[in-house]
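Chemist: So the protein sequences, as listed, match chains D and U.
All residue numbers for the first sequence refer to this note's numbering, where the first residue is 1 and numbers rise by one.
All residue numbers for the second sequence refer to this note's numbering, where the first residue is 1 and numbers rise by one.
Please note that the accuracy of each hint is not assured.
As the list makes no split between identical chains, a pair holds if one copy fits it or if it spans any two.
Simulated crosslink set (EDC-like; lysine to aspartate or glutamate; CA at most 20 Å straight-line) [as the list claims (entries may be wrong)]:
{"id": "1", "residue 1": "98", "residue 2": "28"}
{"id": "2", "residue 1": "116", "residue 2": "82"}
{"id": "3", "residue 1": "116", "residue 2": "192"}
{"id": "4", "residue 1": "98", "residue 2": "192"}
{"id": "5", "residue 1": "224", "residue 2": "192"}
{"id": "6", "residue 1": "77", "residue 2": "125"}
{"id": "7", "residue 1": "113", "residue 2": "194"}
{"id": "8", "residue 1": "247", "residue 2": "48"}
{"id": "9", "residue 1": "247", "residue 2": "6"}
{"id": "10", "residue 1": "116", "residue 2": "79"}
{"id": "11", "residue 1": "224", "residue 2": "110"}
{"id": "12", "residue 1": "67", "residue 2": "55"}
{"id": "13", "residue 1": "77", "residue 2": "123"}
{"id": "14", "residue 1": "116", "residue 2": "251"}
{"id": "15", "residue 1": "223", "residue 2": "192"}
{"id": "16", "residue 1": "116", "residue 2": "258"}
{"id": "17", "residue 1": "113", "residue 2": "192"}
{"id": "18", "residue 1": "223", "residue 2": "69"}
Hints listed in this document are in silico derivations from the structure and should not be mistaken for laboratory results.
Number of protein chains: 2
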Amino acid sequence: MPPPADLGRALCVITGASRGFGRAVALDLCRLVQPGSALVLVARSGADLRAVQAELTESEAGRAGLKVEVVAADVGKLESLENIVRTSRDVFNDEMEKIILINNAASLGDVSKYVKGFTDMAEVDAYLSLNVSSAMCLTARLLQAFPAHAGLRRCVINVSSLCALQPFRSWGLYCTGKAARDMMFKVLAEEEPELRVLSYSPGPLDTQMQVEARTKTADPSIKKTFSNMFAQGQLLTCEASSAKLMKLLLEDKFTSGEHVDVFDV
Amino acid sequence: MPPPADLGRALCVITGASRGFGRAVALDLCRLVQPGSALVLVARSGADLRAVQAELTESEAGRAGLKVEVVAADVGKLESLENIVRTSRDVFNDEMEKIILINNAASLGDVSKYVKGFTDMAEVDAYLSLNVSSAMCLTARLLQAFPAHAGLRRCVINVSSLCALQPFRSWGLYCTGKAARDMMFKVLAEEEPELRVLSYSPGPLDTQMQVEARTKTADPSIKKTFSNMFAQGQLLTCEASSAKLMKLLLEDKFTSGEHVDVFDV
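All chains should be modelled from the sequences, with the hints used to inform the complete structure.
Modeler: The structure is reproduced here in structure tokens:
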């Protein structure tokens with residue numbers, strides 16, 4: 001049986017949606033949801049976010065009535081989470097049959113130093129709060145706001161990384177945060193059998209984060225690897241990687257809680 | 001070649017040393033270090049800590065001149081880390097040929113609720129700060145205070161858990177924190193080739209944490225598993241598990257950064 005051609009009538013919440021991978025996912029979801037759906041886009045940058053909102057509102061789906069709401073907020077702050085949930089509640093209606101949360105917002109952390117350089121608890125605390133706590137608490141709040149019931153399928157995506165599985169020198173915070181997230185979503189998948197949970201590793205993407213990676217990474221050989229990948233055109237576009245995530249969402253065959261790498265799709 | 005009979009002249013820093021596994025490790029290290037060594041014991045409870053200090057000071061090693069210093073402090077606080085490093089510097093001398101840091105302090109987190117119950121960022125932040133940030137920053141500070149040089153071998157133990165590798169329902173915070181720590185120490189091992197790093201999973205121990213586990217765990221089947229393990233005498237004593245860790249330290253054959261389970265020793 002071929003996979004369904006669309007994702008149905010859905011509420012999609014996407015963090016880090018103003019650029020890069022989050023923006024590409026927003027554009028793809030906009031094309032794949034049925035009329036009557038809604039997108040809630042979250043990012044710190046209000047201007048970039050409103051540009052994406054305008055682009056989606058003017059798209060074919062937007063003209064057909066797709067609602068696109070934005071929340072200009074730092075997901076690391078409690079009031080932002082409240083704001084995201086309130087906005088999601090406002091746009092939700094009983095005709096919607098699916099909720100998709102894309103936990104995409106993330107920071108790289110300071111890659112210019114090694115683990116032995118992290119002596120400042122406030123720096124590590126702030127990193128883990130933005131990259132781990134906020135994803136856990138946003139997910140928890142949305143799951144509580146939209147409890148499981150027969151007519152509603154719920155799906156939570158954790159935008160993960162190879163760094164969740166493998167250590168990379170001078171990427172201490174990033175690896176630690178991504179490993180923490182993968183485990184957190186594995187526990188969630190065990191706890192909520194009706195929920196669909198996926199940790200998706202989007203691959204090395206041609207984004208601002210990769211610019212940081214190849215210019216600031218302390219470890220010379222890791223830094224060179226990233227520079228070479230860029231020079232040799234081995235970085236993936238956000239669009240190509242988002243397309244693979246859409247394939248996974250449409251086929252809906254992944255084991256809940258598993259880590260799936262873009263190169264295995 | 002048989003493993004050496006002792007750990008040499010060492011400075012050992014142990015967090016969570018007032019009871020349970022940390023206390024057992026302190027007692028074992030006290031017996032295995034050579035005269036001229038020092039132990040720095042850290043725990044929140046000053047009274048329990050001083051009891052362990054008295055016990056060690058009155059032991060054979062104590063009477064032979066082992067220095068035992070205590071720091072009554074919460075490792076989740078910056079000033080505590082400064083205090084631990086200062087105390088370690090004070091007792092260190094150039095005759096010492098080894099430094100062993102045992103990152104043992106940990107909390108279970110609230111196991112009475114599932115991941116979807118963690119809506120409060122402050123709670124998750126505090127958990128990660130105590131269980132992840134503090135271990136990273138204490139390790140970083142000690143490595144900086146005692147830099148690598150030819151006459152000094154440095155070893156960092158991460159007291160880990162099966163929960164670092166496998167999700168357990170209603171143990172969301174604990175699994176997340178332990179997975180984060182394992183990865184953090186893997187990155188450290190990659191970064192510092194001369195350093196010896198081990199994530200040691202001590203097994204299900206007959207400690208206060210297990211009482212919490214079998215009385216408060218939300219998930220009925222996980223809770224029952226723990227109750228059954230207790231009832232059937234399947235919990236390990238802290239002494240038995242610490243003896244396995246000592247075997248690993250004496251043999252010194254583990255791959256730096258690896259996760260070793262007590263049942264595989």
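Chemist: Next step is simple, just say for each hint if it's right about the structure.
Modeler: Okay, the hints, checked on the actual structure:
{"no.": "1", "hint": "98 with 28", "in the structure": "within (16 Å within a copy, 56 Å between copies)"}
{"no.": "2", "hint": "116 with 82", "in the structure": "between (36 Å within a copy, 15 Å between copies)"}
{"no.": "3", "hint": "116 with 192", "in the structure": "between (38 Å within a copy, 9 Å between copies)"}
{"no.": "4", "hint": "98 with 192", "in the structure": "within (16 Å within a copy, 47 Å between copies)"}
{"no.": "5", "hint": "224 with 192", "in the structure": "between (42 Å within a copy, 19 Å between copies)"}
{"no.": "6", "hint": "77 with 125", "in the structure": "both (13 Å within a copy, 11 Å between copies)"}
{"no.": "7", "hint": "113 with 194", "in the structure": "between (42 Å within a copy, 18 Å between copies)"}
{"no.": "8", "hint": "247 with 48", "in the structure": "neither (27 Å within a copy, 57 Å between copies)"}
{"no.": "9", "hint": "247 with 6", "in the structure": "within (10 Å within a copy, 58 Å between copies)"}
{"no.": "10", "hint": "116 with 79", "in the structure": "between (34 Å within a copy, 18 Å between copies)"}
{"no.": "11", "hint": "224 with 110", "in the structure": "within (17 Å within a copy, 43 Å between copies)"}
{"no.": "12", "hint": "67 with 55", "in the structure": "within (12 Å within a copy, 69 Å between copies)"}
{"no.": "13", "hint": "77 with 123", "in the structure": "both (16 Å within a copy, 13 Å between copies)"}
{"no.": "14", "hint": "116 with 251", "in the structure": "neither (44 Å within a copy, 26 Å between copies)"}
{"no.": "15", "hint": "223 with 192", "in the structure": "between (40 Å within a copy, 17 Å between copies)"}
{"no.": "16", "hint": "116 with 258", "in the structure": "between (31 Å within a copy, 18 Å between copies)"}
{"no.": "17", "hint": "113 with 192", "in the structure": "between (38 Å within a copy, 13 Å between copies)"}
{"no.": "18", "hint": "223 with 69", "in the structure": "neither (38 Å within a copy, 43 Å between copies)"}
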